[in-house]
Amino acid sequence: MKTIVLGIGNPILQDDGVGLHVIDALRQRMNNPMVTIETASTGGMNLLDMIRGYEKVILIDAVKQNDSKPGEVKRFLLSDFHTVHSSNPHDVSLSEALHLAKQLGEKHLPSKIILIGITVNNIYEFGEHLSSEVASAVPTAVALVLEELKNT
Amino acid sequence: MKTITIDPITRLEGHGKITIFLNEQGDVENAYLQIPELRGFEKFSEGRRAEDMPQITSRICGVCPVAHHFAATKALDAAFHVDPPANAKKLRELLYCGYIIYDHILHFYFLGGPDFVVGPEAPAAKRNILGVIEKTGVDVAKDVIKHRAYGQRITAILGGKATHPVCGLPGGVSKGLSKDEVKEIKDMVASCNTFAKFTLNLFDDIVLKNKAYVDMIRSDPYILKTYNMGLVDKHNKVNFYDGLIRVTDQEGNQLEKFEGKDYTKHIAERVEEWSYMKYPYLKSIGWQGLSDGKKSGIYRVGPLGRLNASDGMATPQAEKEYKRMFDTLGGKPVNSTLAFHWARLIELLYATERAKELIEDADITSTHIRNPVGTPGEGIGVVEAARGTLIHHYHLDKNGLIVKANMIVATTNNAGAITMSVRDAAKGVIKKGQVNDGLLNKVEMAFRAYDPCFGCATHTLPGGLPMTVNIYNHQKKLYRTFSQP
Numbered sequence: 001m002k003t004i005v006l007g008i009g010n011p012i013l014q015d016d017g018v019g020l021h022v023i024d025a026l027r028q029r030m031n032n033p034m035v036t037i038e039t040a041s042t043g044g045m046n047l048l049d050m051i052r053g054y055e056k057v058i059l060i061d062a063v064k065q066n067d068s069k070p071g072e073v074k075r076f077l078l079s080d081f082h083t084v085h086s087s088n089p090h091d092v093s094l095s096e097a098l099h100l101a102k103q104l105g106e107k108h109l110p111s112k113i114i115l116i117g118i119t120v121n122n123i124y125e126f127g128e129h130l131s132s133e134v135a136s137a138v139p140t141a142v143a144l145v146l147e148e149l150k151n152t
Numbered sequence: 001m002k003t004i005t006i007d008p009i010t011r012l013e014g015h016g017k018i019t020i021f022l023n024e025q026g027d028v029e030n031a032y033l034q035i036p037e038l039r040g041f042e043k044f045s046e047g048r049r050a051e052d053m054p055q056i057t058s059r060i061c062g063v064c065p066v067a068h069h070f071a072a073t074k075a076l077d078a079a080f081h082v083d084p085p086a087n088a089k090k091l092r093e094l095l096y097c098g099y100i101i102y103d104h105i106l107h108f109y110f111l112g113g114p115d116f117v118v119g120p121e122a123p124a125a126k127r128n129i130l131g132v133i134e135k136t137g138v139d140v141a142k143d144v145i146k147h148r149a150y151g152q153r154i155t156a157i158l159g160g161k162a163t164h165p166v167c168g169l170p171g172g173v174s175k176g177l178s179k180d181e182v183k184e185i186k187d188m189v190a191s192c193n194t195f196a197k198f199t200l201n202l203f204d205d206i207v208l209k210n211k212a213y214v215d216m217i218r219s220d221p222y223i224l225k226t227y228n229m230g231l232v233d234k235h236n237k238v239n240f241y242d243g244l245i246r247v248t249d250q251e252g253n254q255l256e257k258f259e260g261k262d263y264t265k266h267i268a269e270r271v272e273e274w275s276y277m278k279y280p281y282l283k284s285i286g287w288q289g290l291s292d293g294k295k296s297g298i299y300r301v302g303p304l305g306r307l308n309a310s311d312g313m314a315t316p317q318a319e320k321e322y323k324r325m326f327d328t329l330g331g332k333p334v335n336s337t338l339a340f341h342w343a344r345l346i347e348l349l350y351a352t353e354r355a356k357e358l359i360e361d362a363d364i365t366s367t368h369i370r371n372p373v374g375t376p377g378e379g380i381g382v383v384e385a386a387r388g389t390l391i392h393h394y395h396l397d398k399n400g401l402i403v404k405a406n407m408i409v410a411t412t413n414n415a416g417a418i419t420m421s422v423r424d425a426a427k428g429v430i431k432k433g434q435v436n437d438g439l440l441n442k443v444e445m446a447f448r449a450y451d452p453c454f455g456c457a458t459h460t461l462p463g464g465l466p467m468t469v470n471i472y473n474h475q476k477k478l479y480r481t482f483s484q485p
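The listed protein sequences correspond, in order, to chains F and B.
Residue numbering for the first sequence follows the working numbering, starting at 1 and increasing by one per position.
Residue numbering for the second sequence follows the working numbering, starting at 1 and increasing by one per position.
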């Protein structure tokens, strides 16, 4: 199965960049030419361009959930998220972008999209470092991605 | 000594929230849109190598990376006392046109346009690109996707990378254009020009031929008589990449025109005790609270601000459309917030025409694209982001490290106006404690016209920008809450 692992995040907004930190750690752990590993600091429509042509997509991103402590790692399916808006008011959400692509008859869309989400703390202050709770969650997230890749 | 205590609910924070305060009669006293502010940029920048700023600042915002990249690059030109070669300026401006093309297309079809194309009364779930497809057909949607991608592709060719360019250096750019790339860009630009004209026709058919929409555009809750601001060229025509900052008044006359480097002489920022937001205003006029009119120094930037602050567009097709807009809406300036959408499409057309001029320039493949830098000092760079005037200001030490950095971003420039537009829209739908249907739509339409960016944790899942409107009664007790997932 043609697979892409895509870490998403803003590298200068502290915990928001956790997806990028997971990718750094992952690159040291694996070397599989069948799996593309990429990072992105962007949203809906641009992400769609990046995942087009892959069968399986593993996204790694920061998650803000009111009922969770920072540093929890969770596996989601894209369908777990229902949203009208993107978190960025100038873009659409990935679900919306995918829906649009389907509507337009796009044939090369992934059949499986998995999200590895890390709950975060500080995303409103500039900085390149993760908070300690979130940093300690990185190995867990890496393990979860590797586990996910076994099934491809 | 008198002690002033600030009630916690009057001090605003958080995000994606609108707070409305009612008076004793149950009418709207005040309403505020809360925009999350990213903190610590100055501290973060201190001690960094100045030449890293175009890369760093393009990460500040997932919405306008190209604008930040070039505001930073231009600030570095000034800080290193270097004037880039003519062709470097052309390449930067061409890249910039690509950015305006994709950004304005995205806003019209995905974000602001659905309010009109699908209709302001349609349920929120329909007011999006999918609703637009239902109404206009799949072929239009395919064209939207194609031309948005063309804009992105132009920026990727010139910038060396999609979305976040890496080409801007003090004194020029790092990458020129090959003959093959010129051919590819020419074809894309021609197609974008046709699509821009198509989009203006669509706007005519759907919006301007619908009396109810035109009445809404002209209706009181959406009128704001502020000053207007934008960059202009030497003929006072709109320019995104370079020029002087021009400010016009409520009659369309020039109030002031100044170089970006003098911005602190003309613009001040007001901090209100109840908000973490800063409200910029014109120093020569002064701060009169959140009010419009000649005595209030609040101004508007962005597509409508730019068109109002200029004497026209520098390209023929866009100039024609510029005149048509002002003729149709009763002359200059146009004060209707919803006219931002029309102005945005005229700018889209301009960007395609300007890109054509630049790519057809005989010297565009010249390899003289960088000049050597001088000694480091202080520098200010100004560009027009898609959503308005953007200013970067750096102080460098003798080793070229950042000592101090300051920015005024487009949405901050519009902060006072956005807040007033939200308040006026709320006044239109809340009377004597009665909240009419369509509150969320009407209020959302008021701020969406400005295409604001609310800070930049752009992709944190679940990807929701839930809109919550909290209404407080005159005793500052929560009266009602409306929200939209």
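Note that these hints are calculated values from the structure, not bench results.
Please note: incorrect hints may appear among the correct ones.
One side of the interface only, derived from the structure: several residues of chain F facing chain B at Cβ under 7 Å [said to hold, decoys possible]:
1. N10
2. P139
3. T140
4. N151
Below, a list of computed lysine to any residue pairs in the SDA-like style, where the Cα atoms sit at most 20 Å apart [unchecked claim]:
5. K102/F with S131/F
6. K142/B with L48/F
7. K43/B with G127/F
8. K43/B with K102/F
9. K126/B with L439/B
10. K102/F with M216/B
11. K427/B with M216/B
12. K161/B with P11/F
13. K146/B with G53/F
For every residue, glycine included, the Cβ atom is placed at its ideal position computed from N, Cα and C.
Going down the list of hints, with the structure as the test:
Nearest Cβ of chain B to the Cβ of N10/F: about 6 Å, under the 7 Å cut. The hint holds. Checking P139/F against chain B: minimum C-beta separation of about 20 Å lies over 7 Å; hint violated. With a cut of 7 Å, the hint placing T140/F at the interface with chain B is violated, because the nearest CB-to-CB distance is about 17 Å. Taken as an interface hint, N151/F does not check out: its beta carbon lies about 22 Å from the nearest beta carbon of chain B, beyond 7 Å.
For a cut-off of 20 Å, the pair hint linking K102/F to S131/F is broken: about 39 Å separates their Cα positions. Restraint check for K142/B and L48/F: satisfied, since their Cα atoms lie roughly 14 Å apart, inside the 20 Å limit. Annotation: proposed proximity of K43/B to G127/F holds, straight-line Cα distance about 9 Å (limit 20 Å). The suggested pairing of K43/B with K102/F is violated, with an alpha-carbon distance near 45 Å, which exceeds 20 Å.
With a CA separation close to 16 Å, the supplied pair K126/B and L439/B stays within the 20 Å bound. Note on K102/F and M216/B: the hinted pairing is violated, with a Cα-Cα distance of about 34 Å set against a maximum of 20 Å. For a cut-off of 20 Å, the pair hint linking K427/B to M216/B stands: about 15 Å separates their Cα positions. Between K161/B and P11/F the CA atoms are separated by roughly 17 Å; this keeps the pair inside 20 Å, and the hint holds.
Taking the CA atoms of K146/B and G53/F, the gap is about 17 Å. The hint holds against a cut of 20 Å.
This entry does not satisfy hints 2, 3, 4, 5, 8, 10, going by the numbered hints stated previously.
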